[in-house]
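J.: The task is simple: from the sequences and hints, build the whole structure.
There are 2 protein chains.
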Amino acid sequence: LQVKLADSYGFCFGVKRAINIAQDSPNSTILGSLIHNTREINRLKDNFNIDTVSNINEIQENSSIIIRTHGIPKQDLEYLNNKNIKITDATCPYVKKPQKICEEMEKEGYQVIIFGDIKHPEVKGIKSYVEEPIVVISKEELYNVKLKDKVAIVSQTTKDIRDFTKVVDYLLTNTQELRVFNTICNATFDNQSAAKKLAKEVDIMIIIGGKNSSNTKQLLEISRELCDDSYLVEDCKDLDKEWFRGKEVCGVTAGASTPDWVIEEIIDKIKKI
Amino acid sequence: LQVKLADSYGFCFGVKRAINIAQDSPNSTILGSLIHNTREINRLKDNFNIDTVSNINEIQENSSIIIRTHGIPKQDLEYLNNKNIKITDATCPYVKKPQKICEEMEKEGYQVIIFGDIKHPEVKGIKSYVEEPIVVISKEELYNVKLKDKVAIVSQTTKDIRDFTKVVDYLLTNTQELRVFNTICNATFDNQSAAKKLAKEVDIMIIIGGKNSSNTKQLLEISRELCDDSYLVEDCKDLDKEWFRGKEVCGVTAGASTPDWVIEEIIDKIKKI
Numbered sequence: 006l007q008v009k010l011a012d013s014y015g016f017c018f019g020v021k022r023a024i025n026i027a028q029d030s031p032n033s034t035i036l037g038s039l040i041h042n043t044r045e046i047n048r049l050k051d052n053f054n055i056d057t058v059s060n061i062n063e064i065q066e067n068s069s070i071i072i073r074t075h076g077i078p079k080q081d082l083e084y085l086n087n088k089n090i091k092i093t094d095a096t097c098p099y100v101k102k103p104q105k106i107c108e109e110m111e112k113e114g115y116q117v118i119i120f121g122d123i124k125h126p127e128v129k130g131i132k133s134y135v136e137e138p139i140v141v142i143s144k145e146e147l148y149n150v151k152l153k154d155k156v157a158i159v160s161q162t163t164k165d166i167r168d169f170t171k172v173v174d175y176l177l178t179n180t181q182e183l184r185v186f187n188t189i190c191n192a193t194f195d196n197q198s199a200a201k202k203l204a205k206e207v208d209i210m211i212i213i214g215g216k217n218s219s220n221t222k223q224l225l226e227i228s229r230e231l232c233d234d235s236y237l238v239e240d241c242k243d244l245d246k247e248w249f250r251g252k253e254v255c256g257v258t259a260g261a262s263t264p265d266w267v268i269e270e271i272i273d274k275i276k277k278i
Numbered sequence: 006l007q008v009k010l011a012d013s014y015g016f017c018f019g020v021k022r023a024i025n026i027a028q029d030s031p032n033s034t035i036l037g038s039l040i041h042n043t044r045e046i047n048r049l050k051d052n053f054n055i056d057t058v059s060n061i062n063e064i065q066e067n068s069s070i071i072i073r074t075h076g077i078p079k080q081d082l083e084y085l086n087n088k089n090i091k092i093t094d095a096t097c098p099y100v101k102k103p104q105k106i107c108e109e110m111e112k113e114g115y116q117v118i119i120f121g122d123i124k125h126p127e128v129k130g131i132k133s134y135v136e137e138p139i140v141v142i143s144k145e146e147l148y149n150v151k152l153k154d155k156v157a158i159v160s161q162t163t164k165d166i167r168d169f170t171k172v173v174d175y176l177l178t179n180t181q182e183l184r185v186f187n188t189i190c191n192a193t194f195d196n197q198s199a200a201k202k203l204a205k206e207v208d209i210m211i212i213i214g215g216k217n218s219s220n221t222k223q224l225l226e227i228s229r230e231l232c233d234d235s236y237l238v239e240d241c242k243d244l245d246k247e248w249f250r251g252k253e254v255c256g257v258t259a260g261a262s263t264p265d266w267v268i269e270e271i272i273d274k275i276k277k278i
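Top to bottom, those sequences are chains Y and G.
For the working numbering, add 5 to where a residue sits in the first sequence, where the first one is 1.
For the working numbering, add 5 to where a residue sits in the second sequence, where the first one is 1.
Everything labelled a hint here was simulated from the structure, so no lab data went into it.
Check each hint, because a few of them may be wrong.
Identical chains blur together in the list; that is why a pair holds if it fits in one copy or across any two.
Keeping only pairs whose Cα atoms sit at most 27 Å apart, straight-line, the calculated DSS-like set for lysine-lysine is [claimed, not checked]: (1) 102 <-> 112; (2) 102 <-> 50; (3) 101 <-> 201; (4) 124 <-> 274; (5) 21 <-> 276; (6) 153 <-> 91.
T.: Have a look at this one:
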């Protein structure tokens, strides 16, 4: 059985970078879950003594804190700085970008609009860099907003460009000048197109990821359209020998919260079948 | 018979302004037709000795020249300045705006895209303010363009916002930063919505304008959908008494190249029927 990995799978650039940063900062505390994967969180705890706290008030003075990929609000950063806490910033550079853009655009006199989920930690961080942020998830939410002549817009990094476009189109017809910063990161979509490409070339597809992970389930759906024998597995014990009978080429991809070492474990097991 | 004028009709702001400027500059020459209306051109010739030339080379040294609403290329302006010609600039302020924006955006390092007809005099003027202008009329024309990270776009003033939006959407997904300047002027669309509103309220609609004028014909179509008795007339002799039999309220609108004095002539005649 030949095993082929998708061209793009698993962790995005920002998460890989954050995990490396965490490993280089043992005995630290992460504010919020670094990643939606319990096994990876446990590995960081066991091997690097890295704890996770959910609330900023739980952080001890003089401790070491890691900021996760989502970033944190400016006010929280100031709070940590005042407490004499050692800060290691693993905010994804793609998230830092809209933070900086928003700050600068407001300074230059633009009305700043953030396209995203107002409750998402990333958006909470971005909007903290603006005095009067407007956060919307659809154009309808703009109907009652008094728009200025000069408007700037950024997007939460994980949003779909098609939804962003609808909001931009509305702004376009209702402003004089519009600055659009396409801050969407393609990582999720890269995994999807790679899965699509691979599913066409193989007899069986194994999608590794959490059974409740929405991006993993999306990979499964995409794959199933092109390869009937597509299976979602969380770990080695989910693999079933019968699936592989008579198959020659097995494609493998993984959801965005799946660590490489889990993927390697499963590939090893598949090769032994 | 009661006569009701549309809320918006005839000349746009820029053309009205240009005619006033021309009347204040008798014995001048206009470069290109000021307006697509022979009777108005003749009136300016007869009453103010204003000539029209089609080519810049026809202009005499030491003469007085009027630049029409469309504007002219930067190079032509320099040519005229060097010939010691007195220049009266009637370029529409709404056309000057994209000229200035394009010049400034290129200076700031943006790749400049002009949405419009490359052969239209207005676009010829605008693009002359850019070293490397890209003029497109559809997103398809951008498929082979190597886009930079920072792009700025303006529109020819008379384009439809829906077509502009399609080009913007394409750019949005293919650039990092996009500056959109909505330089579309609503004059044409204002006349259309006013015609629509009026046609609902009257028994008969008279649309004044050239029988070959596309914007006049559009007004007729819009009007006819809401008022069966809609007629296009170019001058008083086109009016037919029979149309008005039993009618109580007559709506009047006019195409974008119809001078007010022609409209007044026709309204006077209608009132006498």
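J.: For which of the previously enumerated hints does the structure constitute a violation, in increasing order of number?
T.: Per hint list: 2, 3, 4 and 6 violated.
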